[in-house]
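Take a look at the letters that make up each chain.
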Amino acid sequence: MDITHKIQVINVGLEFFRDELERQEIPVVHLDWHPPAQGNSAVLQLLKQLRGTKKEAQP
Amino acid sequence: MIQTRVKENFYQDSVKLMRIASSIRNMEGVEEASVSMATPTNLELLERIGILTPEAQVASPDDILIVVRAASEEQCHAALEAAETAICGGGERVALEEDGDTFQAPKSLERALDYMPEANIALISVPGKYAFSLADQALDLGVNPMIFSDNVSVEEERTLKKKAVEKGLIVMGPDCGTCILDGACLGFGNQVRRGPIGIVGAAGTGIQELACLIHQSGGGISHAIGTGGRDLSRDIGGISMLQGLECLARDESTQVILLLSKPADPAVADHILERARQVAKPVIVCFLGGKRRPDEGNLQFADTMDLAADLALRHTGLTITAPESAKTDSIVEGKHIRALYTGGSLAYEALYLFREAGVAPLFSNIHMDGAAELADPMRPHDHTVLDLGDDVFTVGRAHPMINPELRNDMIAAQAAEADTAVLLLDFVLGYGCHPDPVGAALPALEKAFALRPDGRLRILAHVCGADSDPQDLCAQEEKLLRAGVQTFRSNADMVRAAIRMLHG
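In order, the protein sequences belong to chains F and Z. First residue of the first sequence? That's 0 in numbering that gives the first Met the number 0, and the numbers climb one at a time after it. First residue of the second sequence? That's 0 in numbering that gives the first Met the number 0, and the numbers climb one at a time after it.
No lab work stands behind these hints, which were simulated from the structure alone. Check each hint, because a few of them may be wrong.
In the DSS-like style, the derived pairs of lysine-lysine whose C-alpha atoms are separated by at most 27 Å in a straight line are [what the hints assert, rightly or not]:
id, chain 1, residue 1, chain 2, residue 2
1, Z, 15, Z, 128
2, F, 5, Z, 106
3, Z, 162, Z, 106
4, F, 5, Z, 280
5, Z, 128, Z, 162
6, Z, 161, Z, 334
7, F, 5, Z, 162
8, Z, 166, Z, 128
9, F, 5, Z, 161
10, Z, 6, Z, 106
11, Z, 280, Z, 290
12, F, 5, Z, 166
Short, incomplete list of chain Z residues facing chain F, as computed with Cβ under 10 Å [said to hold, decoys possible]:
id, residue
13, 10
14, 14
15, 15
16, 103
17, 104
18, 108
19, 121
20, 123
21, 133
22, 147
23, 183
24, 188
25, 253
26, 266
27, 270
28, 272
Just so you know, even glycine gets a beta-carbon here, dropped at the ideal spot from N, CA and C.
Based on the sequences and whatever the hints tell you, model everything.
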């Protein structure tokens, strides 16, 4: 859990949080994020299930 | 005339879209404009302001909708073009690799870790329904999520926090607006001096108020860890606060710990206090509005943030800077206090202090025993404390700490009411906040005083900030004083002054 040293951030969502971290010279990478399944709830649900299946299959 | 443009399957964050809308509203001939994702809530808003067009009605929630009403077709078109250019241009930042190739911004957390293998925080501010999945992935990748998003369910929060404990990580949030870690401000945060006081807080602007009071008194903080507003509920059990407490207990740069929250579930509070007793450092406990308890062992209790800051400072050889004694008039009988807050924790503290002082009748949109709920939050009456960051005020609008328009309108509206004697206002500085919150309010303040030629309106203000913040605290306070507003060094001081005015 080291959150007390060398803060390096992955920013997902509001771009201006990335901007504010850059102003402070804190290392940050901004994700080019889009709603998964293009916001379609039914497909989103399927993806969640698939992801769960994939995790179970891992040793 | 009204024109619409739809950008299908195109996502941009809400703050960026609101800023674009704001700037095209200032274009010549534009009477009204909206730039937003075509969600049901946003479509309702369009209907309310009279620009819900047939094309807008059939857009889907993953489309960006631009609607403009302007005096002429040419002016409509110009505004639509400007909006589209702003949406499409400058969205993705590209950087050069060392060998001169450009790269596209990563599209997944895994890919982001390729670029930044030592990333330790994922700052998540996407719409709430997507936040769980991202935070869950972050935990799987060994990254601590800070979830600014709200509208994450209790079950999701519990699942994430239990997983975090198993993995030796911490979930900061959801609904976590502020963390200041190793001097870095994440979300909203103030540029404060480093020092030996550590904070764990379930209250965003509360953390900011504590950090600024400490800094302005010459002290400093090691880290301020946000836990999200619901952490100390029975369902969550204070998981993140306990982890934050442990983190600061181990941290060598922290010599005294401050715990901040609104009132916790009693069993959760007891559990946290039990663990706090075992820490070999002084712990100051500020559960705002909670029962006062006597000090015991390494624990000291405070029911307001300025008292909590003072207790913490004393362990480092300092005390809180004493307030200047403020000359205040009395309020004429039958006249009222209206407190219009952008910071939720500051509003909560104010409501608590008014209640304790017997200020009545007392109304709010915050739930607290002893204060009645306003039937319509847009129509305050009697003595009222409003938290303008509440959901009811932020539909289709950025938070008032970023966008002051709504509060400016309310300042004028409340001043116009003859029974308003005192307005209380907070101005919050720091990263993430408005670049000039006082400047943005000045026209409204001038209008407020002009609406009351009887001279019986008083406006009190507290600027929550540090003198090293980007916005220049001194200049902000100067502007207020020149406008005829009385300023106070802490939120609690401002509220106490209002109470003295009421009680003569």
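Evaluated hints:
no.	hint	result
1	Z/15 - Z/128	holds (19 Å)
2	F/5 - Z/106	holds (24 Å)
3	Z/162 - Z/106	holds (24 Å)
4	F/5 - Z/280	holds (24 Å)
5	Z/128 - Z/162	holds (19 Å)
6	Z/161 - Z/334	violated (50 Å)
7	F/5 - Z/162	holds (23 Å)
8	Z/166 - Z/128	holds (24 Å)
9	F/5 - Z/161	holds (25 Å)
10	Z/6 - Z/106	holds (20 Å)
11	Z/280 - Z/290	holds (23 Å)
12	F/5 - Z/166	holds (20 Å)
13	10	holds (5 Å)
14	14	holds (5 Å)
15	15	holds (6 Å)
16	103	holds (7 Å)
17	104	holds (4 Å)
18	108	holds (6 Å)
19	121	holds (5 Å)
20	123	holds (5 Å)
21	133	holds (6 Å)
22	147	holds (7 Å)
23	183	holds (4 Å)
24	188	holds (9 Å)
25	253	holds (9 Å)
26	266	violated (25 Å)
27	270	violated (20 Å)
28	272	violated (22 Å)
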